[in-house]
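> So the chains spell out like this:
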Amino acid sequence: MVRYVLKRIGYMIITFFVIVTLTFIAMKLLPGTPFKTQSRLSPEQLAQLRHYYGLDQPIPVQYVQYLWHALHGDLGGSFQYGMRPITTMLAEKFPVSLDLGLEAIILGAIIGILLGIVAGIKRGTFIDYGSMIISVLGISIPSFIFAVFLQYYFAVKNQWLPVAEWNGGISYHILPVVALSVAVIANVARFMRTEMVEVLGQDYIITAKAKGISSTAVVFKHAVRNAMIPVITILGPLTAAIITGSLVIENIFAIPGIGNQFVESILTNDYPMIMGTTELYAALFIITVFIVDILYVIIDPRIRLTGGDA
Amino acid sequence: MRSKAKWSLLLSIVLVLSLVLSACSGSKNSDSKKSGDSNALAKDQVLNAAIGQDIPTLDPTQQTDTTSGNVLQMVNAGLTRMHNDKYEFDMAAGEPKANADKTEFTFTLRDGIKWSDGKPVTAQDFVYGWQHENDPASKPAYNFLYASVGIKNASKIQNPKDPMYGKVQNLGIKATDDKTVVVTLDKPAPPFFLSILSQPQFYPLREDFIKAQGKNYAQDADKVLYNGPFVLQSWDHGKGWTYAKNKNYWNAKNIKLSKINVKVVKELATRVNLYKTGKIDTVFLSGDFIDSMKASNPKEFHTGMTSGTFFLYINQKTNKNFKNLNLRKAVNLAINKKDFVDVLMKDGSNASNYVVPKGFVKGPDGQDFRATADNDELKGSATDAKAYWEKAKKELGIKTLNINFLTPDGDSYKKWDEYIADQLQTNLKGVKVTINQQPWGNYLKLNQDFKFDLAFSGWFPDYQDPMTYLDMWTTDQPQNTTGWSNKKFDSLIKSAYNEKDPAKRWKYLQDAESVMLKDAPIVPMIQGGEAWVQKTYVKGIDYPLYGPQVDYTGVTITKH
Chain P
1 MVRYVLKRIG YMIITFFVIV TLTFIAMKLL PGTPFKTQSR LSPEQLAQLR
51 HYYGLDQPIP VQYVQYLWHA LHGDLGGSFQ YGMRPITTML AEKFPVSLDL
101 GLEAIILGAI IGILLGIVAG IKRGTFIDYG SMIISVLGIS IPSFIFAVFL
151 QYYFAVKNQW LPVAEWNGGI SYHILPVVAL SVAVIANVAR FMRTEMVEVL
201 GQDYIITAKA KGISSTAVVF KHAVRNAMIP VITILGPLTA AIITGSLVIE
251 NIFAIPGIGN QFVESILTND YPMIMGTTEL YAALFIITVF IVDILYVIID
301 PRIRLTGGDA
Chain Y
1 MRSKAKWSLL LSIVLVLSLV LSACSGSKNS DSKKSGDSNA LAKDQVLNAA
51 IGQDIPTLDP TQQTDTTSGN VLQMVNAGLT RMHNDKYEFD MAAGEPKANA
101 DKTEFTFTLR DGIKWSDGKP VTAQDFVYGW QHENDPASKP AYNFLYASVG
151 IKNASKIQNP KDPMYGKVQN LGIKATDDKT VVVTLDKPAP PFFLSILSQP
201 QFYPLREDFI KAQGKNYAQD ADKVLYNGPF VLQSWDHGKG WTYAKNKNYW
251 NAKNIKLSKI NVKVVKELAT RVNLYKTGKI DTVFLSGDFI DSMKASNPKE
301 FHTGMTSGTF FLYINQKTNK NFKNLNLRKA VNLAINKKDF VDVLMKDGSN
351 ASNYVVPKGF VKGPDGQDFR ATADNDELKG SATDAKAYWE KAKKELGIKT
401 LNINFLTPDG DSYKKWDEYI ADQLQTNLKG VKVTINQQPW GNYLKLNQDF
451 KFDLAFSGWF PDYQDPMTYL DMWTTDQPQN TTGWSNKKFD SLIKSAYNEK
501 DPAKRWKYLQ DAESVMLKDA PIVPMIQGGE AWVQKTYVKG IDYPLYGPQV
551 DYTGVTITKH
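Protein chains in written order, with full-length UniProt numbering: chain P, 1 to 310; chain Y, 1 to 560.
Any given hint might turn out to be false.
Claimed, not checked - Calculated lysine-lysine pairs in the DSBU-like style (CA-CA distance at most 30 Å, straight line): (1) Lys36(P) / Lys346(Y); (2) Lys28(P) / Lys414(Y); (3) Lys215(Y) / Lys36(P).
Everything labelled a hint here was simulated from the structure, so no lab data went into it.
Okay, chain P solo, but in the shape it has when bound:
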């Protein structure tokens, strides 16, 4: 296990490095400059600015310099925002996205799992069809449609909840978290239902029932635990996707998260910000996948991470 973990960490570092390198190269192929007034500057003035910021150096030189500074914790400053340090900006904005994403994942997973369990147990009934309809709707309708809907109904029409902003109070969290969790509910519920149906048909469930164990105990001790394994598989990438992909929800509810920064930085050639957000996202994704792999072992003792020598 320890050997496996160390090996995995090695791969993670290599993967991260490859992502950083490819992003750097791709980014430098973008046309344009990070200077907003480039269309008004003379070629000499532009050359001067490029020189100030080291953008006139050959790309490999810039790359090595970037890595060197990055290793010392300096990710540079944002061209869009008055050279404000990237590390400061990420530290301000990422926790907001993380907060929003985790709340949505937790809410979504709980509701999704419950929906899936009920649908699985009550297979073929009205409840089953009802929850699967919700699930299909949740998958096929983009979250921003829900977001606009929720905002209109709860905040504009009835004014029960605030329209937007992220001011600490729980009332500000409800709409964006619900909107973002819809996709999670839908995905998790579908998976959970399929697994429940399969697990409930297994021999060991029949055995357990035959032994006289109450049906609640059968469902929660035996069926749910086994059905959870595939759900955890999708929860990993889903968490990463929700945290990194909440851009639209952040925009609609005026949440000062990182999603918007990422898109904006690409459109404005804000090189240090492109790198900073990419690194953060890559790290997040790699670590999530790693955690999921470790979780397998804890939940399902049948899974062994290393081959024969375990």
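Let chain P serve as the given structure and place chain Y on it in line with the hints.
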């Protein structure tokens, strides 16, 4: 346990159903309480607003965008300030004393002017501020304004190839004592000399403060000093900022607002929803919101003009067909600009056949540039367009023409592009337009490399003078990506540059525009407008054509 699961399921179904049903009902939320007609001031003079973008920078040396520019003009002050479309003296006590040549101006500062930390604003602060703005070490982003107005030695100090490069002590500004600023120019001061001094690039700066802050300077609300009508009380990056009235400001008694809260909200629909629920008092509109808000809140709906002009570049450098004047005229007249404005824009934009916008600047005769300029050079109908097209086809020996139409990308551009393409194809038989939408960076590159036939573009003024719209069209200017060159135009612009007599200079500029329009090197499209809603209790909010984008200094809130 199971009953709980059922309960949550039921809840979810009810939730989804109620959403679906409410969508069908289509009931409208009636807006806010009606405000009384009384003009009595409300107890709380607080304005709430929202904007799509955070402040990019509070450092005047780095400012290049309208959002930062607006904030800086609210919290800081130069020798002059733009207010109600005129310049007023701000830090300067009044008209400067000028020498006979109009190359040296002596400003006396007002008594009792203070920074937000209580120290006096001195003439030396102006000298440092201007030198800092021209010092290559401070990586200035917009200091070519100094060269535009002709501040002595600015263009040499800014030019890396000049021996005077970076030697800021040679800049044409001196402090003869704490209260006296002497500004010298390379040539007689142009008419926009006093209005440009209102811009953030010409603000005083405090050397001791900037040096003490080092890298942190201007990074937060408490890392800047203020000397304007307001101070930034807080700046919560990404969420918004709050202005508070600056009690130290010399004219504080005429500033009525005690506070302005500005929220950063990227999504226009959300800003409109905040407005509808009374969380903000004013919001800019675009697209479909213009019609819907005009219909639902007619008394709160306003439109105005901006100084932004939009036009199409015609590439006659690498596309030889466009060297033909009749073809350029055909393209100009084939597009119905009035419909473009009335149907697509609906925000107060003006169909334009001109280069210098309306209502932007008055001449020595006190009249608007457009009031006395040639406005008819590019007038005509689709029928005229067809006639020019027939002539052009004969002269060029062509039957059809493919046009590569380059534009920046974005939802609004899509509609505009399709309209323009459709007009050209409908009115000029045999023309085929291919729309080429590109991200901004790539758009600029293709434009500068002349890889287009027509290109959608816009221009905003750098200073309050027709020159800011005209000198870019002289031969081989980097912004003149048409390949058009006209000796008469070039010489008129040159004469205007060197002319001391304002009336003669004005005439040169009007003649230059007329020469240019006769040649139709571009397709002027529109002078941009802006549409917004504001609650009826908000008075005196101003959106000037030059100066701050939104001027809060005259705003009051009446009882409501």
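> Give a verdict on every hint.
Here is what the structure says about each hint:
1. Between Lys36(P) and Lys346(Y), the direct Cα distance comes to roughly 28 Å. Compliance with the 30 Å bound is thereby established for this hinted pair.
2. Between Lys28(P) and Lys414(Y) the alpha-carbon distance is near 28 Å, which keeps this suggested pair within the 30 Å criterion.
3. A distance of roughly 21 Å separates the Cα atoms of Lys215(Y) and Lys36(P); the hinted pair therefore holds under the 30 Å criterion.
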